[in-house]
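**Student:** Here's the letter readout for the chains.
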Amino acid sequence: MRHEIFVPRTENELFNFLDLNGAHSKLVSGATDLLPRIKRRQEEAIILVDLSRLGSFRYVKSEGGVIRVGALTTLTDLIRSEVLGVEYEAIKKLELTFASPPVRNIATVGGNLAASSSSEDLIPIFLTLDARVSLKSARKERVIPLVEFIRGKRETSRTNNEILAEISFNELKPNSWCTFEKIGRRERVIISLVSLACTLAIDRNSGRVGDVKIALNRVRGKIPERALETEKILLGSDLNESKLQEACEILESELCLTSDFRASAKYRTEVAKNLLRECLTHCKHCIEER
Amino acid sequence: MKRKDYSIVGKPFAREDALDKVLGKPVFTADMIPPDAIFAAVVRSARPHAKILRLNLQAALSTPGVIRFIDGGQVPGINNIGTLVRDKPLFCQDIVRSIGDPIGAILAESRDAAEEGARQVGVEYEDLPAIFSPLDALDPKSVQIHPNGNICRHLKIRKGDVERGFRESDVIVENEYTTQMQEHAQLEPETAFALPPDQNGIITTVGPWQDTFDVQDAVALVLGKKSNEIRALQAQTGGAFGSRCNEIANELGALVCLSACITGKPTAIIMSREESVISHSKRHPFHMKYKTGVKRDGTLVAEEIQLICDTGSYASAGPAVVMRAIVHCTGPYVVPNVKADSYCVYTNNPYAGSFRGFGCPQVHFAAESQMNYLAEALSMDPIVLRRKNLLRPGSQTNTGHVLGKSVGLDECLSKVVDALSSIDIPPPEKGRVRGVGVAIGYHGNSLGPEGGDRCGALISIDAAGRVEYMTGLAEYGTGARFAHGQIIAETLGISMNRIHALLPDSLRAPYSGPTVASRSTMMGGNAVLLASQKLRNVLSQEAAIIFDCKPEEVKFSNDTIYCENRVQSIKFEELASISHKKGICLSDSSMYEAPKGEWNEETGLGVAYVDYTFGAIGTVVDVNLQTGYPQVVRVVGAFDCGKVINPLGVIGQVEGAIVQGLGYSVMEEVCTKNGLILNPNLADYFLYTSAETPQIDTILVEGYPSSSGPFGAKAMGEPPIDIVAPAVAQAIYNATGVRVKDLPAVPEKILLSKTKSGLKHII
Amino acid sequence: MSNVQSKQRINIQVNGEWHSTEVEGDETLLDLLRNKLNLKGSKAGCGTGDCGACTVILDGKIVPSCLVYAATTNGSEITTVEGIGSAEKLHPLQQAFIQTGAVQCGFCIPGMIIAAKNLLDSNPSPTRNEVREALVGNICRCTGYIRIIEAVMMAAELMRNSKNEA
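Chains as they are written, first to last, in the numbering used here: chain A, 10 to 299; chain B, 1023 to 1785; chain C, 1188 to 1353.
Just chain A, with the same shape it has in the complex (with noise of 0.2 Å):
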């Protein structure tokens, strides 16, 4: 066999392994992304350190208005949290969206994210959640914004020494939806052509647009973002025919996608459109349901 494999039980054992030999280890948890990728020779690791054993890394909590999740939290975990509200939509249609029953029981949070670009799912979502990540060393722990981890792709701001450790973001407030839509080729078990998130908060006094945050598998070439001209023209609005038409047309002149073997981008940009539309109209729809 090829590689070794470390699976440490605490988090010292982990983050003094890490310390020593960190550059030449691969973190794996549910190794749904790096397994293949091994078995393709597509990556060189010379240890592998599985985290799945460590339990103090998987939880869903909500901790003074902040939503924590342990970067070790499964798919399946996460969806099913009752911590999560009806309101966090976007979460629980991964059910629908996300691999399959068994691969959601052993793929991580974490895990997603450290694929970087790769992620059509719980990126796009957690940027429009304004997430934060927590990264661990031996020594300290730093919290950064999601859209400063993600550096390209297959890339993360994590060092050698770290792991991430937790996401979290605010709370929605009241008046708050977070919604999401994914198409492929087929209805499940799907590789995105294009994933969007969309989190909309009404204004309860004026019924206007008080947030938006809508965020793309791909926005410019193949790294997931935040549509932020679009989200511009929508904030104070409400909502109207014309006002949609409009953003469409600014999402348009933001989106920069590429073709591939899997779709052109201008399928990509016409569907964009059109999920943007529904995802916005849905979102209000069911904020004014509550």
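Read the hints as simulated data drawn from the structure, not as lab findings.
No experiment lies behind these values; they were computed from the predicted model shown.
Honestly, I wouldn't trust all of these hints.
[What the hints assert, rightly or not] Below, a list of computed lysine-lysine pairs in the DSSO-like style, where the Cα atoms sit at most 27 Å apart:
1. B:LYS1577 to B:LYS1604
2. B:LYS1695 to A:LYS48
3. B:LYS1452 to A:LYS102
4. C:LYS1194 to A:LYS48
5. C:LYS1248 to A:LYS35
6. A:LYS48 to C:LYS1248
7. A:LYS101 to C:LYS1248
Given chain A, work out where chains B and C should sit, using these hints.
**Tutor:** Quick look at chains B and C alone, frame taken from chain A:
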């Protein structure tokens, strides 16, 4: 047998091998690899068309666990494993013609070591100009991929006078259609193992073969041995759909046998999914040009058709695919004037071969789409147009074959239309539009002009009345083997639990040909019918002596043998025991030879297939207006199946074929770029999951018995897959006004499509 | 203290039986089950978690065993198809799969039965839709799923009836 109520045939029975499978018993090839086996891993070409300049084996040979490297230089016999055309080397020595071509193999102590060693083999290439479009390949100035040129086969139909026909037509519709490369995605990746020669010099190889005889012959050729020195055994097989009767089966069989001979050790190979996709055949992509002329009243007059079939780097089953394709190219209609040309063309794409349907899905997509265009041009209901022209008993086909009585097409169409009109489905979800589409088709039974068509069966009754049977036909899920058991049980009047199927052994089983063309029920069924009838006669003779009556008065029923008009009876096992004690032989074999029609390859006229299975499919599709996604929400199919031997088996085949057809229609596509497969996996190659699969209503139309199938049964494994795509395309058109002429009908093509009125976004 | 080593010893319970075995660094649970414990029922179909043929129950949850490192399963409880019923006493799922004609080539069947069992263990009266969703990670290329869904519904009924009778 006279038409009557059968006691076993026509009844649902559970498959005999289902028990082992639900218990997870180790019955597949990779489950049975000997613990002392060494492993082989193939070194495959990374270039689509190149000369091999040199190999660098240093790194590979010093990889821990590696034993040696073998290539064409170690082949004692002929270094070729081509099936219909001997154009595919086992190991390419001078030229590679597609990415994935085998160059050699590393043998090692373990699978990991073998694969690592194979990765370390360095190959130096000199690129040659490569062709990726079959249209380019037709250009005589293009590089010639094989010594005899790029056109592997050219077939024609010349019937009547198409020019006069077009002059007489009131409306002419011309279109071009393309269909994609489809991947079998059989769930068990390729694998095989071989044992070194035994004390009699026989080399045994075990694998998921669709044709043990072909493997046996191919291995013998490579090893420079006689066929009967090779024993090919078929293990339980995890799906096939055509992939396992093409070159990959011979390649792996020959590889492990060669290694077993050279090293004296049992040798195995297990492929990853990626290698499986890269190395085995595919469904032929077709480029089709259709020009159809029709009279104002809807009568078809003339059809001019050009089929260009991309067989990739090697012929494989291509020459036979273009034959079946041209025979069916007009669809199941009366067309008096036909000029058709089908070309099987080489390119440097991955090679294409057998895949369920075998040319019929491609041409039916075009032919049925044409009918829909014509209907629109005539302002006629597409069903009415079809009824006007479809084949009926006594009709003449496009090859001039005057059909007999066994044509149930009209009834199939009626049944589907009726079912659709009374269908009960909830209305489409918000943001979706619904359309319904219907298509009809036909499928010639068994091999027809594709080759010699015979099949043998061996049946043996022991002294306890247990019956064992073996044909050389492979069972890879179709259930055909168990239908054979039912035929035997019916003939001998015994219960199914006495019957036991043996897996094919190429040295023991009488020659049966390949398990393709949905021929198992017809060919194997007839073979076991003949053999069991012979045994019944033998037993009748014995019983006649016991009962003191005439053999023709002896009856077999409910495990009992009795005489008409007599009171005595005897249990089946008693009669078997008595016969054995008397030295009567209760084993027999029979060879069934399919009736062959007279078919002229030059004109394409004559009787190509003695019997056809006819069918109709209706689909209901809801198209998502925001994404273009076509959700198939219901399928109804009616098939003229002759006689159902096992309803559970047939329905399973129909449903499975339809779901593969749905994948072909809307989501499956092997994407290539310069000969490289971009999605050699199951993440980016989309199969239907349980979530997409709609309700499928199957109507089995009996009453038009086959003239040659056992009990009148017709082939059913393939016909349903032939006509799904045009039905889905028509439903999409009815929902959105978008005509998809290039399969698959993926969401993008629907959302961003031109309609007749110009560029139209459907939202 | 677990050190980095290319071989480790683990203890796992498979189908009720404890095993102590050495595993290599990147050996998967599927490799372990098939090659070391000789349980060939779980199948290798794709190696990327896309086909479901390797599905087993690990500590009460279905997982793709081709994507789980064996070294991480120390102390775990695993159920494979071999632990579900026997020829003498078939599990209702096995019975139903045979009866409805849900078995064709059989390669997907162990994974299907495991996924279905896991569903019925927590949801004894699933709707057809719930069955579909539960099996979405199990590809079948032969049957078109319809008989399989029937089989799971039939098994659920058999299990409910025998529970009522008990």
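**Student:** For the pair supplied as a hint, B:LYS1577 and B:LYS1604, confirm whether the alpha-carbon distance does not exceed 27 Å.
**Tutor:** holds, 21 Å
**Student:** Below or equal to 27 Å on CA atoms is what counts here, so check A:LYS48 against C:LYS1248.
**Tutor:** holds, 25 Å
**Student:** Does B:LYS1695 pair with A:LYS48 here, judged by a C-alpha cut-off of 27 Å?
**Tutor:** Holds. B:LYS1695 to A:LYS48 sits at ~23 Å (cutoff 27 Å).
**Student:** Mind checking the alpha carbons of C:LYS1248 and A:LYS35 for me, to see if they're no more than 27 Å apart?
**Tutor:** Status holds; Cα separation ~25 Å.
**Student:** For the pair supplied as a hint, A:LYS101 and C:LYS1248, is the alpha-carbon distance within the 27 Å limit?
**Tutor:** holds, 19 Å
**Student:** Holds or violated: C:LYS1194 and A:LYS48, Cα atoms, limit 27 Å.
**Tutor:** holds, 19 Å
**Student:** Against the 27 Å threshold, does the CA-CA distance of B:LYS1452 and A:LYS102 hold or violate the hint?
**Tutor:** Roughly 18 Å between the alpha carbons, so the hint for B:LYS1452 and A:LYS102 holds.
The earlier numbered hints are all upheld by this structure, with none contradicted.
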